[in-house]
Amino acid sequence: MASPPYPWLNPALAVGGLAPLALLAVQGPRGALGPNAVEAALNQTGLLALVLLLASLACTPLKLVSGWTWPVRIRRTLGLLAFTYACAHFLTYLVLDQGLSLKALLEDLVKRPFITVGFTALVLLVPLAVTSTNRWVRRLGFPRWQRLHRLAYVAAVLGVVHFVWRVKQDVTEPLIYGAVLALLFAVRVGEAMRKRRARAASAARNPA
Amino acid sequence: MSDKPPVEPPGSEITPEPLYLRRRELLKNAGLFAGTAAAVAGGLYLLSGKQRRAMDAFAPDAGQVTGPVAKASSEFDTDEPRTPYEDVTTYNNFYELGLDKNDPARLAHHLKPRPWTVAIDGEVHEPQTVDIDQLLSWFSMEERVYRMRCVEAWSMVIPWLGFPLAALLSRVKPTSHARYVSFTTLMDPEQLPGQKRGVLDWPYVEGLRLDEAMHPLTFMATGLYGRQLPAQNGAPLRLVVPWKYGFKGIKSIVRISLTREQPFTTWNLAGPEEYGFYANVNPAVAHPRWSQATERRIGEGLERRPTLPFNGYAEQVAHLYTGLDLRKNY
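If you're matching them up, the sequences are chains A and B in order. Quick note on the working numbering: the first sequence kicks off at 1 and runs consecutively. Quick note on the working numbering: the second sequence kicks off at 1 and runs consecutively.
Simulated from the structure, these hints should not be mistaken for lab results. Please note that a few of the clues may not be correct.
To be verified - Simulated pairs of lysine-lysine, DSSO-like, Cα-Cα distance not exceeding 30 Å:
no.: 1; chain 1: A; residue 1: K168; chain 2: B; residue 2: K328
no.: 2; chain 1: A; residue 1: K63; chain 2: B; residue 2: K28
no.: 3; chain 1: A; residue 1: K103; chain 2: A; residue 2: K195
no.: 4; chain 1: A; residue 1: K168; chain 2: A; residue 2: K63
no.: 5; chain 1: B; residue 1: K112; chain 2: A; residue 2: K168
no.: 6; chain 1: A; residue 1: K168; chain 2: B; residue 2: K196
no.: 7; chain 1: A; residue 1: K111; chain 2: B; residue 2: K328
no.: 8; chain 1: B; residue 1: K196; chain 2: B; residue 2: K112
no.: 9; chain 1: A; residue 1: K103; chain 2: B; residue 2: K328
no.: 10; chain 1: A; residue 1: K168; chain 2: A; residue 2: K111
What the hints assert, rightly or not - Stretch-level coverage of chain A by chain B, calculated; a stretch enters the list once three of its residues show a Cβ under 8 Å from a Cβ in chain B:
no.: 11; region: 10–18
no.: 12; region: 98–110
Unchecked claim - Sample of chain A residues facing chain B (criterion: CB under 10 Å; computed from the structure):
no.: 13; residue: P7
no.: 14; residue: L47
no.: 15; residue: T69
no.: 16; residue: P71
no.: 17; residue: R73
no.: 18; residue: P113
no.: 19; residue: D170
no.: 20; residue: T172
no.: 21; residue: G178
On a predicted model such as this, the values are computed, not experimentally measured, just so you know. Where a beta carbon is used, it is the ideal one built from N, C-alpha and C, also for glycine.
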């Protein structure tokens, strides 16, 4: 059996993708994260979760535009990395920032839309991470699996909203990520419309 | 120069060709693996640079203050551990010098605290524009060790140098119409490059009710830790109101006006739902996006501490607000 092309691609992505998290875990306890280490860790893990989620959503559009197939083969790794950072982000907030106070968590969830939205995004990623294996694709059947995994777009939108609401005044950076997300979505919508037109055209040519 | 013939390795040691080719491929893949992993790690590291930069600021030494320093009556001082000088001078909110916490320390060199004049006008009997050094010569310097609670739910303990605002106001003699004091930061995008971006409506303005301004806790700082005030902390002259959120402590002041009407304040204009005119520290009134019930003391590790009403100065200032609904007047 021939090995797939670029056998190093996914392992390299996993190692490189986890490196910033490992660096944080080393720097934090050593006091190398500045006067407010918790804030620094929250900012970094949150941003990287969003970046990696957007990267996973960029795979299919990149394949459509370029014709390359390798982006689709790293999609799962990117998605799982995004989920890992989202979990690290949430745990940093819950354990390090709020001292594992469930009362504070509940109050934040109920009273503060900024937290509600971010938490919802994380919850939406859980079923996607669970069903990321080949077995689950077979179990659900590809069309259903695909529909389920469109939730990634909802999670990304919520992630951008969470970021916009977090910043105090200057929303430039979160809006850049919002624009990237809109662009990726536009490519997918454009492709769906093209497919539908093609189906309609072929149906018109070959009436049943 | 050996005259021995070159020794050929015995046939048994020669790598079989298929394995030899496989070895080359393995090496190539190992190289690609390492290169890709490094590129991914580096890319993510760069992308999160803005979030990370908060870590690597530096604390320039602003120089010793010359002249005698009177010790304040200790009733105002807290004996809690002081936040290290390096943290006080590298973790700042001063949007005129950048939005990230360490930007002000990095961009501090743009701001020139001398020469500097302060205009004092409005409802005063003796309006004047005075050179900062002359203004400082009017008062003996005091040290006050105050808690500082930022609206972002972190706090510090800072030994300020300066003089009570009341001493300055008494000197310029407010008229009977004066009910508020308004403060204005320097407007100069060359010295305060953050003003080139319309993040807030520049220049920064703040205000106090006259009775708040005259309260003995209300302080004009010109230094900290026995040194000149670093630019990132608001050189050469800033307001310190320890029972209010930190954003009330307007920095690099060029104008102090006494007014009849309640003055505009910058953060209130930017987000009236989130930042009120009073901005008294109040654990019972949450910011719309986070609780104000607890705070993280910078340099103290992970444990959050409960936030105290009026930042622990309730005994001294609560009487200023009797009859005022602090939930509405946040």
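Quick rundown of the hints versus the structure:
no.: 1; hint: K168/A x K328/B; result: holds, 21 Å
no.: 2; hint: K63/A x K28/B; result: holds, 25 Å
no.: 3; hint: K103/A x K195/A; result: violated, 50 Å
no.: 4; hint: K168/A x K63/A; result: violated, 37 Å
no.: 5; hint: K112/B x K168/A; result: holds, 27 Å
no.: 6; hint: K168/A x K196/B; result: holds, 18 Å
no.: 7; hint: K111/A x K328/B; result: holds, 18 Å
no.: 8; hint: K196/B x K112/B; result: holds, 17 Å
no.: 9; hint: K103/A x K328/B; result: holds, 25 Å
no.: 10; hint: K168/A x K111/A; result: holds, 18 Å
no.: 11; hint: 10–18; result: holds (count 6)
no.: 12; hint: 98–110; result: holds (count 5)
no.: 13; hint: P7; result: holds, 6 Å
no.: 14; hint: L47; result: holds, 5 Å
no.: 15; hint: T69; result: violated, 17 Å
no.: 16; hint: P71; result: violated, 13 Å
no.: 17; hint: R73; result: violated, 13 Å
no.: 18; hint: P113; result: holds, 8 Å
no.: 19; hint: D170; result: holds, 5 Å
no.: 20; hint: T172; result: holds, 9 Å
no.: 21; hint: G178; result: violated, 16 Å
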